[in-house]
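> Residue numbers (numbering that gives the first Met the number 0), protein chains in the order written: chain P, 0 to 354; chain U, 0 to 441; chain C, 0 to 377.
For the record, the hints were derived by calculation from the structure and aren't laboratory data. Here the structure is a predicted model, which means the values were calculated and not measured. Do not take every clue at face value.
[What the hints assert, rightly or not] Here are the simulated PhoX-like pairs of lysine-lysine, each with C-alpha atoms no more than 25 Å apart in a straight line: (1) C:K294 - U:K384; (2) C:K293 - U:K384; (3) U:K23 - P:K52; (4) C:K94 - C:K143; (5) P:K260 - C:K294; (6) C:K130 - U:K379.
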Amino acid sequence: MEENRETDEMIESSENVNEEVSGIAVAEDKPLDKNVKLMSPTRMVLRRFFRSKLSIVGLVMLAALLLFCWIGPFVYPVYKEDTVDRSGRYEYTAYDVSSDNGEYVQLFVTFNNVNDLAGPSAEHILGTDEQGMDIFTRLMYGGRRSMIVSFLAVFLTSALGIIMGGISGYYGGIVDNIIMRICDVLMCLPMLPLMLIIGTVLDANGVPQRYYIYLLMGLLSVFSWPGMARLVRGQILFLREQEYMVAAEAMGYSTARKIFKHLIPNILPQILVSMTLSLGSMILYESTLSYLNLGVPVPYASWGTMIEIISKRSDILQNNFNVWVPSGICIIIAVLGFNFIGDGLRDALDPKQRR
Amino acid sequence: MALFNKKSEENAKKNEDKHYLSGKEVRAIAKANAKEMRRLEKAKNKKVPEEYYLAEMKDNGNILEVEDLHSYFFTDQGVVKAVNGVTFNIPLNSTVGVVGESGCGKSVTSMSIMRLLQGPTGQIVNGSIRFKAYDFKRDENGNPIPVYEKDENGEIVYEEVTDNNGKTTRKPKQMTDNGGIGVFEKEEKVYDIAKMPIKEMYRLRGRQMSMVFQEPMTSLNPVFTIGNQLDEVSLLHIPGATKELAKKRSIDMLNMVGIAMPERVYASYPHELSGGMRQRVMIAMALAGEPRLIIADEPTTALDVTIQAQILDLFNDLKKRINGSILLITHDLGVIAEMADYVVVMYAGRIIEQGTASEIFKNPCHPYTKGLQKSKPTMKSNEDKLFNIPGNVPNPINMPNHCYFKERCAECIGKCSGDYPGMVQVSPSHFVACHLYAPKED
Amino acid sequence: MNEENKMNVETTEKAETAANTSGGEFANFDDAQEFEKEMEARRAKIEADKLLPPDPDALLEVRHLNKYFVLKKTFFKQIPLSTLKAVDDVSFTIKKGETLGIVGESGCGKTTMGRTVLKLHQPTGGQIFFKGQDITNFKPKEMKALRTEMQIVFQDPYSSLPPRSTVGDILSEPVKVHGIVPQSEIKDYVMNLMEQCGLRDYYYERYPHEFSGGQRQRICIARALAVNPKFVVCDEPVSALDVSIQAQIINLLKKLQIERQLTYMFISHDLSVVKYISDKIGVMYLGSMVEFGKKEDIFSRPHHPYTIALFSAVPNPDPDEKTHRILLSGDIPSPANPPKGCKFHTRCPRAKEICKHIAPKYREFEEGHFCACHFPEE
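Chain P extracted, bound-state conformation (with noise of 0.2 Å):
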């Protein structure tokens, strides 16, 4: 009441400017803007982000597979990833082998103690593979391993496209142009008749096969930036017209100051959804180049790996389901889950919908 009174006062005289404002500023602490409570920036994200029951799901699905396979050989930890169960039955097999002309006769006799291909049961929660290994085992650290060389080539593909997308977006003219006309080049390449010709390069160079993952997802990393460039690009684009750029400028702030504390924050968002994005797909990736032979061999695990063996033996694609399903079940997760996520990150994140 009595503040009111005094800004009544202060406008109808006409006092100096200065004290006017200070009495605005009085004013504006009153009860009305008191009853309007906002939603912290976080508070709405995740309020977006759990809108949708799919990021739900996803969420949850992600989660539980991260657990299982790094928390799960912790607590399930009876067999290692190439432990070979020998406990089972001894199998003697006999095989005469005779020479041409029947002059005399050679007996092989094999034996075999390995538990292959065994059923779900107790020993094995689901059975063991055509090597003997424990299948639920291999699942976890095949699980680590895929993920670990999913994201390693997420990153490199994101700062490659970063960095690319940035100095294209930020300085324009002929170095966009150059860098523009290698995505057009790169976004030409078939990625995976390409990888399988540089899987046979490597393989004639004597390099061993369990680095080909590795080195396979890095060059699928290097080739496949121009998406994450063409999104930076574009979004820098749109954010050097803001005026708030304008203004940075107008402060003469350095290139560097204003590339990484005005822009690159404020493409954060998008980048990060893009990456959730591209987690799902490079997962699919690692497993195709698995399956085709490239990834890791034997002894180790991945989810394509796992999956591998039903190339070659059509009878555990048609008898033993224990074998190859649960792996490729954990890959629908994998990829589900990632773009489940993704795809509430994009809605709780894009700008557009910001209140």
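Assemble the complex: chain P is given as a structure, and chains U and C must be docked to it using the hints.
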């Protein structure tokens, strides 16, 4: 990730000073909103018989009566009472101006009248909007009933009609008006728009009431020619209209809004026209259905001063020529003064003052109206210091039950902390919601 | 439509060589020799002006400033096919402590001009003197020091603040970068600044999106003032705001001007606001300054027909008083393809034949009152 950590730290800090909503509050709001929204959405789409939304006008001289309208937005931050008990009338053949600052609910009022609020968050919660429609009379099948030509004796005139198969039949001849458009029987009906199912609104939109939007750049579809878009209105709203007829009408309309070369504009695409031309086309489109009510939502705000003058001139000219009323919504007092017969001043979702234009401009009563007029420098004024209303336009969430303007008011009295002031009649047509003018209680 | 116009102009040019109405200074504009001579004289004037010493009284002096944007280039030859003359031969001076108001409609180049004098765009031609220094060809490094002297406030308070920084970050960043005060005093300095601009101290931790337009505009003003500038370009600072908030911001700008001896260039399309705040006014149309002078002169004795029409177009907030309005016919031509001769002739109520051919000279009518028109209102 660092981004999130930083934010959550700050969040934790800020939750202490209660500037932000807590998780509990957010969930409570969301739950309450979801329930209300579901109920209102259901009501909006329910099929009801026509009798349910037929109404009676309080005063037959009005074309539109808005009574105690409440339109809310159910947002995550709480219920925004964008329109909170608005009552006003639009008399026939007059211009009513609604003026107010951003967020005062003036656009939401117009959207409510057109039933264009974006559901499910935006909903008409309460109140009635009675609109006197002058629509085609329809037979049981929903077809309009034509008026037949009669000779001197009152006998219906018949004519020979040859259909596509070459068969000739004798049919009664339909009357046509000067434009060659068939005449149908019409009747006056009063609808309560707030109760109408959303599917029935097609009867009114475009034909009975139409809208001119603020942004002429985005209100026209860029992939169709102007002619295409204009013809569509005629084809949709005039029974039995042919393409030739629609084109003729469209060109007439373009002529009417002062476009010098209507044929050329008819064939061009929106991007080929300037802002002023586009706004003229928008007005032509709004007029094409011969509506009885035109809602102009900030029609000149996006235009330059000299173009704005042209459009205002056009409106003033059209006012005399069309048989309908205009609801003009703007924040510019100057525009209102030029155009409106009656003025409604809104603040934070409520009407605080209404009256004829000269009453509002010559004898403003509410401190807010006075302040608005004083805080805009004019071309004539020469004062040294500009009057300003302190504080900010409030966001109408969780409003208290006292005068919403109290915090910014320079003429506040003790009573202002009490209930929200009711409407006080100052003169037969002048009302104000302010305790200063309340009759003495004794 | 424009193409046709041009054709028309050209044909009439050929046909009507003899019989013409007399106009202003060049009675014989149809005489090619005469015409060429006049043009030569104008070019010579521009060259001669280049050598003049800067005006010692002026804080900012702009001479024959041009800013052209190249719209189309051929792929092989780097010769522009069409240029947009956003600012075309504009000259003016601002003295210390004055406010220059620039009015004009959309596309008249007022925003581009505001940014060009701050060297946010590199001018295509002409000279800019700031404090007697020719800054036209300053390199970014040299400009950095000057950034603390000249600042800008933008129209849109929503896009002019970085959305992911707190108010405190936004305001302290320039102070840090330019080393205005020692590191330890930055917070106090910013708090003091916020108070001057009518911002509460607890806003320091908040994000821009939590504020209304008026408060955001205060933040923008505080940011511009954080480096203690002498000269501020206000690019439509109140156009996006509500009427009651507009008045607050205008009063704030006035108050700060007195406190800090600021010089403003106030760009707006709202004549009444410009009239209220300015000492001098420049009216722009399609990239050219058509009239420039003291506020009182311009409002009491406008010379240019565009200025007169602009004044009469402002809606009058008095319902009973019907002012006679001079309606300009037609639309504003595209700045990429402006009419030949006087740019205003297509809409001018008093255009004569000469206006279609020769651009009028920018003349000084009375002390400090300039106008570019063949037939000015006397």
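> For each hint, tell me whether it holds in the structure or not.
Hints, one by one, checked against the model:
| no. | hint | in the structure |
| --- | --- | --- |
| 1 | C:K294 - U:K384 | holds, 16 Å |
| 2 | C:K293 - U:K384 | holds, 19 Å |
| 3 | U:K23 - P:K52 | holds, 19 Å |
| 4 | C:K94 - C:K143 | holds, 23 Å |
| 5 | P:K260 - C:K294 | violated, 43 Å |
| 6 | C:K130 - U:K379 | violated, 35 Å |
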